[in-house]
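Once you have looked at the hints, place chain B on chain A.
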Amino acid sequence: MQTINPISIQQLFFKYEKEFVLKDINLEVKKNDFLTILGPNGGGKSTLLKLILGINPLVQGDIQIFGNKIADEIPNIGYVPQNTNVNLNFPISVIEVVMMGQNNIRKRFFGYKKDEKNKALEILGKVNMREFVNTKISNLSGGQRQRVLIARALFGNPKILLLDEPTSNIDINGCEQIYKTLEKLNENLTIVVISHDISVVLKYASKAVYINKNLTYHDLSKMKDAFKNMGAHVCEIELLEMLGKCRC
Amino acid sequence: MLEALSYVFVQNALIAGILVSIITGIIGSLIVVNKMVFLSGGIAHSAYGGLGLSIYFGLPMLLSTSFFSVFVTIIIAMLTYQKRENLDTIIGVTWAIGMSFGILLVDLTPGYNSDLMSYLFGSILAVTSDDILFMTILLIFILLTLLFFYRDILAVSYDSEYANLRGIKTRFFYTLILILSALSIVIAIKIVGLILVIALLTIPIYIAQKFCNTLFITMILSGFFSILFTIFGLVVSYKYDLSSGPSIILVSSLSMFAIIFIQFVKRKVKPF
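Residue numbers (my numbering), protein chains in the order written: chain A, 13 to 260; chain B, 5 to 276.
Mixed in with the good hints there might be a few duds.
Claimed, not checked - Distance condition first, Cα-Cα at most 25 Å in a straight line; then the derived DSS-like pairs of lysine-lysine:
hint: 1; chain 1: A; residue 1: K125; chain 2: B; residue 2: K270
hint: 2; chain 1: A; residue 1: K81; chain 2: B; residue 2: K173
hint: 3; chain 1: A; residue 1: K129; chain 2: B; residue 2: K173
hint: 4; chain 1: B; residue 1: K214; chain 2: A; residue 2: K62
hint: 5; chain 1: A; residue 1: K62; chain 2: A; residue 2: K27
hint: 6; chain 1: A; residue 1: K27; chain 2: B; residue 2: K270
hint: 7; chain 1: B; residue 1: K87; chain 2: A; residue 2: K148
hint: 8; chain 1: A; residue 1: K30; chain 2: B; residue 2: K214
Unchecked claim - Estimated spans, in silico, between C-beta atoms of each pair:
hint: 9; chain 1: A; residue 1: K192; chain 2: B; residue 2: T140; range: 53 to 61 Å
hint: 10; chain 1: A; residue 1: S180; chain 2: B; residue 2: G96; range: 39 to 47 Å
hint: 11; chain 1: A; residue 1: G137; chain 2: B; residue 2: L147; range: 43 to 51 Å
hint: 12; chain 1: A; residue 1: G137; chain 2: B; residue 2: Y242; range: 50 to 58 Å
hint: 13; chain 1: B; residue 1: L63; chain 2: A; residue 2: F25; range: 54 to 62 Å
hint: 14; chain 1: A; residue 1: S180; chain 2: B; residue 2: L258; range: 51 to 59 Å
hint: 15; chain 1: A; residue 1: D127; chain 2: B; residue 2: F152; range: 37 to 45 Å
hint: 16; chain 1: A; residue 1: T147; chain 2: B; residue 2: E7; range: 48 to 56 Å
hint: 17; chain 1: B; residue 1: F215; chain 2: A; residue 2: N130; range: 23 to 31 Å
hint: 18; chain 1: B; residue 1: L137; chain 2: A; residue 2: P69; range: 43 to 51 Å
hint: 19; chain 1: A; residue 1: P69; chain 2: B; residue 2: L108; range: 41 to 49 Å
hint: 20; chain 1: B; residue 1: V14; chain 2: A; residue 2: G137; range: 40 to 48 Å
hint: 21; chain 1: A; residue 1: V71; chain 2: B; residue 2: I266; range: 53 to 61 Å
hint: 22; chain 1: A; residue 1: G123; chain 2: B; residue 2: G96; range: 38 to 46 Å
In case anyone wonders, no lab produced these hints; they're calculated from the structure. Remember, it's a predicted structure, so these values are computed and weren't measured experimentally. Each residue gets a CB set at the ideal place from its N, CA and C atoms; glycine is no exception.
The following block holds chain A by itself, in its conformation from the complex:
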């Protein structure tokens, strides 16, 4: 029996105006993959993520989520946007942010149900943020804030977690903590993460794609040990050379 992959992209082309941002992208993301999307700014990484989420309209090519149209599977996708997209001064508590992750807010009445609160607390525990449940979001560090956004994405019980540069503007320790959390979550979730912190993300990811309009695919399973022993200051060229050795 043929298994249906969480994400299947076939012959995808995309352009905002005249020039193509993505050309002939083909990609299969399998169940429990931890895939990282690498590449230069303007290479099309975020565009690809927004196409998977259905934020950008599909014009040419096809994207299927669990074999279905994107719109039908949106509740199964958790999304963590870039850190910089959120208003840092917003007066909102951690638990309120987490409960925003609910699919189609059922109870359109003021206040929150007890079971929702309990679920939010449980998820905050998973990302080690339970003690900050009533803290104002602006009083958290960048890394803590990002873990709250991961908790929000988990609130809808997704099967796929998409993250757009979750560690931008976060120090190396915060970065490691976030990826350790993701590694733990990967036991039950398929994860796709865009990252610029390549020296960190490659220690945790099982697969990588490099996108600069076109896509090259790398299976990192044989390189895991090499990446784990790398220092924090490995340059991008060295890494790409290493990736070249494991290109599939």
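Frame of chain A; chain B shown alone:
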């Protein structure tokens, strides 16, 4: 001082001040967290077109400015929902067109218009029973909207792209927030005037935000501060025979600076 409360117009002023304070506390909080302060300035100034229509055609002022502001707001919402980068330009254009339209209509109307000055600087002491009824209806509408849609409004205000992904109708709530803002601005203009309305929509919220963990508590505390500033402003205005609108705003501003100074001294919160 207390004998002033025996006058009906003072009682009306006090009731109106409290109603408008609660309204601006709630809607001002939404305006500030959605970074729509400049937008509310645009709506306030374009509402001048409604005043022009009211004076030229002899229509009720509050009704005329409300309809005109909502009309302008819906146009702004339609033009800016998809392309927020155009927001500043569109606000600038509607601001100028609304004011020009209003000024020309006032020019074309023969005689002196006392309404004009009260519109610019507020006239809380001239509030009528009809105005109070309008304010009460608007407040009830705002409270009902929050009761049923608080979570959606919170989600759209915090992260509208994410709210959209979770199935919330972000375009509807963006437009709803703008329309409620427009109606609240028209009401607040009655109290402090067009020129000072932005201060009433932002100063109490700026202070409240420093002490609140949630948007809901910010709304309540902003309303409370707003009531305090309005009552103290009215007292100052009555005691020293000053204009009520600027008195309210000066009391608010001085309180804000005092709080910033105290916090600066305590080094708990950075000023600005």
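Hints versus structure:
no.	hint	result
1	A:K125 with B:K270	violated, 38 Å
2	A:K81 with B:K173	holds, 20 Å
3	A:K129 with B:K173	holds, 24 Å
4	B:K214 with A:K62	violated, 35 Å
5	A:K62 with A:K27	holds, 13 Å
6	A:K27 with B:K270	violated, 53 Å
7	B:K87 with A:K148	violated, 30 Å
8	A:K30 with B:K214	violated, 47 Å
9	A:K192 with B:T140: 53 to 61 Å	holds, 55 Å
10	A:S180 with B:G96: 39 to 47 Å	violated, 33 Å
11	A:G137 with B:L147: 43 to 51 Å	violated, 35 Å
12	A:G137 with B:Y242: 50 to 58 Å	holds, 57 Å
13	B:L63 with A:F25: 54 to 62 Å	holds, 56 Å
14	A:S180 with B:L258: 51 to 59 Å	violated, 41 Å
15	A:D127 with B:F152: 37 to 45 Å	violated, 21 Å
16	A:T147 with B:E7: 48 to 56 Å	holds, 50 Å
17	B:F215 with A:N130: 23 to 31 Å	holds, 28 Å
18	B:L137 with A:P69: 43 to 51 Å	holds, 47 Å
19	A:P69 with B:L108: 41 to 49 Å	holds, 44 Å
20	B:V14 with A:G137: 40 to 48 Å	violated, 57 Å
21	A:V71 with B:I266: 53 to 61 Å	holds, 57 Å
22	A:G123 with B:G96: 38 to 46 Å	holds, 40 Å
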